[in-house]
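Line by line, the protein sequences are chains A and B. The opening residue of the first sequence carries number 1 in the numbering used here; numbering runs sequentially from there. The opening residue of the second sequence carries number 325 in the numbering used here; numbering runs sequentially from there.
These are calculated hints, taken from the structure and not from any lab test. Any given hint could turn out to be false.
Claimed, not checked - Pairwise CB distance ranges, derived in the manner of DEER restraints:
1. B/A420 - A/P196: 38 to 46 Å
2. B/T388 - A/P63: 57 to 65 Å
3. A/G262 - B/A386: 52 to 60 Å
4. B/D472 - A/R114: 45 to 53 Å
5. B/T430 - A/T303: 52 to 60 Å
6. B/T430 - A/D254: 49 to 57 Å
7. A/A265 - B/A420: 12 to 20 Å
8. A/D155 - B/A488: 32 to 40 Å
9. A/N94 - B/A405: 36 to 44 Å
10. B/A452 - A/G156: 50 to 58 Å
11. A/T257 - B/K417: 56 to 64 Å
12. B/D472 - A/D173: 46 to 54 Å
13. B/A406 - A/A265: 29 to 37 Å
Here a beta-carbon is modelled for each residue, glycine too, at the ideal position from N, C-alpha and C.
Each chain, written out:
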Amino acid sequence: MRRVCPHWSTALARPDILALALGWAFAALPAAGDIAYVTNQNGGSVSILDLAAGTELAQVPLPGQPAGIAVAAGGFFAVLPDTKSLRRFDAAGNETGQVALDGGPIGIAHDPLRGRVFVSDWYNARLWVVDSAAMSLTGTLETGTAPAGLAVSPDGRWLASADKEAGQVSIFDLESLALAGTVPVGIRPFGLGFAPDGRLFVGNVGSNDVSVVDVAERHVLATLPVGDQPYGVAFARGRAFVTNQHADTVSVIDLGTLAPLGEIAVGEYPEGIDATADGATVVVANWFSNSVSLIDAETLTVTAEIATGDGPRAFGRFIAERGD
Amino acid sequence: MNLQGSLAALTAVAVMVPALALAHGPTRQKVDVTAELAAEPAEVWAVVGDFQDMGWHPAVHATTGEGGNTLDATRLLTLGAADGPTIAEELYKYDAGKMTYSYRITEVAVEVLPVTNYSAHLTVKPRAGGGSVVEWRGAFYRGYPNNDPPPELNDEAAIKAVTAVYEAGLSALVDRFGAP
């Protein structure tokens with residue numbers, strides 16, 4: 001029996017966590033470059049990664065099993081399902097505000113134009129509307145059952161919610177916060193994202209495909225097969241990138257033709273995915289491997305892997321461009 | 325909570341879970357257990373690498389299934405005795421060259437194993453210095469899909485149960501093949 005050693009708890013004993021708890025606030029951020037804020041759900045922390053240097057700048061303790069993440073000017077927001085709260089941080093990871101969300105908070109999107117943050121309530125078929133300056137709850141929006149991923153359209157007009165158990169997306173008008181309509185998609189949609197041209201790409205965990213949605217017309221333009229259990233979607237260099245949790249790969253789709261361009265092997269259980277501002281690099285959080293993989297969006301090859309805390313999820317937009 | 329209350333809560337869960345089998349709690353859990361064996365990888369893989377025979381695990385009374393070791397093959401594990409509880413599983417990756425396979429649970433009662441949305445990998449690798457290393461890794465949510473789980477269906481209960489299954493299986497392999 002002694003030769004059988006469970007490893008799952010070792011991250012809890014990392015001595016550097018304590019050092020970081022005392023010293024992370026003073027971690028120097030680079031003058032400029034892309035920074036990734038990765039929620040480590042099992043480890044209860046956020047890894048702040050310098051993507052150009054390929055290093056972890058700090059690991060900020062954040063008890064409460066953080067999942068959803070949304071970067072914003074000057075910092076980021078994180079959703080903590082276990083402590084049922086939304087918290088706001090500055091760029092170095094210092095907490096600057098929080099609001100209690102009593103339910104099952106998970107996904108998040110930020111509307112910078114109107115100073116609002118939206119958080120999905122997995123258990124109660126609704127979204128919370130939060131004033132991001134005051135960090136106060138200003139309302140709720142009704143969705144289908146089990147809303148998960150949220151996204152704001154590039155033109156700032158629409159908010160989309162993947163209603164997992166309802167097999168649909170809900171589309172809200174961001175100006176009026178009215179429900180514009182719902183669109184049936186595949187089985188158990190979880191993650192989603194808007195392409196730069198405004199089309200909505202929705203990963204359907206249960207049907208192993210991606211629904212491409214015309215949001216203004218509210219209908220499905222195409223359904224594209226991807227790998228096993230698609231999770232998150234990102235865009236770069238005229239391509240969509242989709243993490244496949246059970247295949248340990250990223251599917252690549254050409255945005256012009258919607259043709260598949262291949263699958264890239266990454267770490268185990270890839271989940272959150274986002275692209276750098278210049279579109280050169282796509283970053284994937286590998287939940288089981290405790291790392292992120294960096295993909296060259298042009299050559300479609302993995303160029304680096306950076307260690308994170310335990311159980312990186314990074315569910316949302318997690319890469320920020322910092323400094324000038 | 326008194327015993328009556330506990331039983332009532334458990335009954336409520338048992339009734340509710342089948343309808344919500346695809347719903348799950350907020351945080352996926354992971355368990356990773358390894359064992360070092362004296363036997364070479366090929367010898368170990370010959371025993372553990374057949375998806376249709378899990379007889380190497382002491383808790384498994386019988387394995388029946390379809391599809392061999394091809395993708396989407398299924399198996400039904402009967403635990404303990406001929407009339408024991410069952411776990412239905414499905415193969416979603418199989419690589420004999422790399423000596424690894426991945427499978428999902430498609431149906432299990434939370435009273436048998438307090439998890440939902442369970443997937444796992446079993447891998448045999450060469451050990452530096454001779455022998456082999458067997459690694460069993462699982463990803464799953466707790467048995468209770470909603471907020472505020474009862475203690476027997478919370479995250480800790482799920483981790484404890486899966487860890488016990490893996491340790492029992494790998495200990496049996498250590499007994500069978502010896503420690504290096």
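- prompt: Of the hints stated earlier, which fail here?
  reply: 2, 3, 4, 5, 6, 8, 9, 11, 12, 13
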